[in-house]
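In order, the protein sequences belong to chains A and B. Be aware that the first sequence starts at 1, since it is given in our numbering, and climbs by one per residue. Be aware that the second sequence starts at 304, since it is given in our numbering, and climbs by one per residue.
These are computed hints drawn from the structure, not numbers from a lab. A couple of the hints might just be wrong.
With a straight-line Cα cutoff of 30 Å, these simulated DSS-like cross-link-like pairs (lysine-lysine) come out [said to hold, decoys possible]:
| hint | chain 1 | residue 1 | chain 2 | residue 2 |
| --- | --- | --- | --- | --- |
| 1 | A | K237 | A | K110 |
| 2 | A | K176 | A | K122 |
| 3 | B | K315 | A | K272 |
| 4 | A | K122 | A | K64 |
| 5 | A | K275 | B | K315 |
| 6 | A | K160 | A | K272 |
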Amino acid sequence: MTMDIFKAEHHLAGPGLLMGVGPIMTRIAIKFPSIRDDFLHMYQGYPFFEGPEITDYHLTIFAKNLYRRYLRPQVAINTLMNDDFVPLPESMGLLSVEMGMNWQVAFGCKTHILFHAGVVEKNGVGVIIPAISGSGKSTLSAGLSYDGWRFFSDEFGMLKAETGELYPYPRPVSLKNESIPVMKEWVGSDAPFSREYEGTPKGTICYLRPPIACLEEMHKPVRPRAVIHPVYNPNAKSDIKPLTETMAFFRLVRSSANYGDIGAPAFRALAKIAKECVSCEITYSSLEEGIRLVNKFIDENVA
Amino acid sequence: MVDADGSFNLSKTAVFRVTDAASFLWEHMDDAHIIYDQRSGHSQALNDFAREIFDIIEDKPSSLQDILAVLELILERTIGDDLLEQIQQTLEMFDKMGLIEPIAPCHEISQ
Chain A
1 MTMDIFKAEH HLAGPGLLMG VGPIMTRIAI KFPSIRDDFL HMYQGYPFFE GPEITDYHLT
61 IFAKNLYRRY LRPQVAINTL MNDDFVPLPE SMGLLSVEMG MNWQVAFGCK THILFHAGVV
121 EKNGVGVIIP AISGSGKSTL SAGLSYDGWR FFSDEFGMLK AETGELYPYP RPVSLKNESI
181 PVMKEWVGSD APFSREYEGT PKGTICYLRP PIACLEEMHK PVRPRAVIHP VYNPNAKSDI
241 KPLTETMAFF RLVRSSANYG DIGAPAFRAL AKIAKECVSC EITYSSLEEG IRLVNKFIDE
301 NVA
Chain B
304 MVDADGSFNL SKTAVFRVTD AASFLWEHMD DAHIIYDQRS GHSQALNDFA REIFDIIEDK
364 PSSLQDILAV LELILERTIG DDLLEQIQQT LEMFDKMGLI EPIAPCHEIS Q
């Protein structure tokens, strides 16, 4: 499971490094030394394997030709799926790795019901935090994980339809623009952060490694007990609005990436969550306030 | 039946049946009934009234007049124009969602 950094680097440069995050095993090959350095910094503490292992996805980060390797180097991605990514400059290489892995899970995962959501857990209470981009779910999930909650994901909630349990997929958190200084202040150390990638299509992006304790428990599932839809608005008054079961159900359907693919088991599983979990929408104006509202809602509504 | 504006109104004339009851899954929520269509993967919310209309059609293929008669029995009163319009709209929505389908105009069935 633990592999020294030189060996990991050697695998990354060669046939590919096997990395297991939660239920997903990916073989990753990176042909650029600078991107390998960024990757190994961000994925410090993650389990790497020698193989043989059953591999879910293969991801290769490479240059399309010799010119794009050394003159104005550009990074291309091969996910072995139907992808068509615009190549990025080498300086943004880690974004390509993250984009590739996101793509593979979002379009390839059929073993779990996927939510576009953050997920955290405390005292056996699993909380799904579904939201569209820009509503602050990544920042809120990351903030909670550095405030006593166990981090499952900031991007993909993974629910096993058969058991109704959420599985961790604790990849680094993707922080954007104003949320970067907020989280740096919240965490209080630069160590778990990547360098900042400026000028991306989404502005400045910085990755944050989840707390090490979350990585150690990445195979421990939890039952969902609450669904909290966050709405970040710097000028709004804090508010908690309960949702009916029907509203909760349709919001979950909307946030699921593969509800239609999984079909009837997904319908039953989402209906069970809508009926058995408490659901609300919270409006908050700062990370501190968001965390306070989540804790308040859970304390008051989940026994 | 042709409306005053000359348009043909299917919901007033046809006998409807449920398309394929075996492909529907139901979940009852606090304020609605959710129906999942396994053929399309779509989910829809029905209120109690819509669910009652669906049940009538599921029991046996029914026209608007048949549904009215059953609802008048259940409600123990004559159904007014407002409610009639709601029933018609509900039938049109069901048809649009693919939950029901017309099988024949009323007069053909009665002959």
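Status of each hint after checking the structure:
With a C-alpha separation of about 40 Å, the suggested pair K237/A and K110/A falls outside the 30 Å cut-off, and the hint is violated. For the hint pairing K176/A with K122/A, the CA-to-CA distance comes to about 26 Å; that is within 30 Å, so the pair holds. Restraint check for K315/B and K272/A: the C-alpha separation of about 38 Å exceeds 30 Å, so the hint is violated. Simply put, K122/A and K64/A have alpha-carbon atoms about 45 Å apart, too far for the 30 Å limit, and the pair is violated.
Restraint check for K275/A and K315/B: the C-alpha separation of about 37 Å exceeds 30 Å, so the hint is violated. Restraint check for K160/A and K272/A: satisfied, since their Cα atoms lie roughly 12 Å apart, inside the 30 Å limit.
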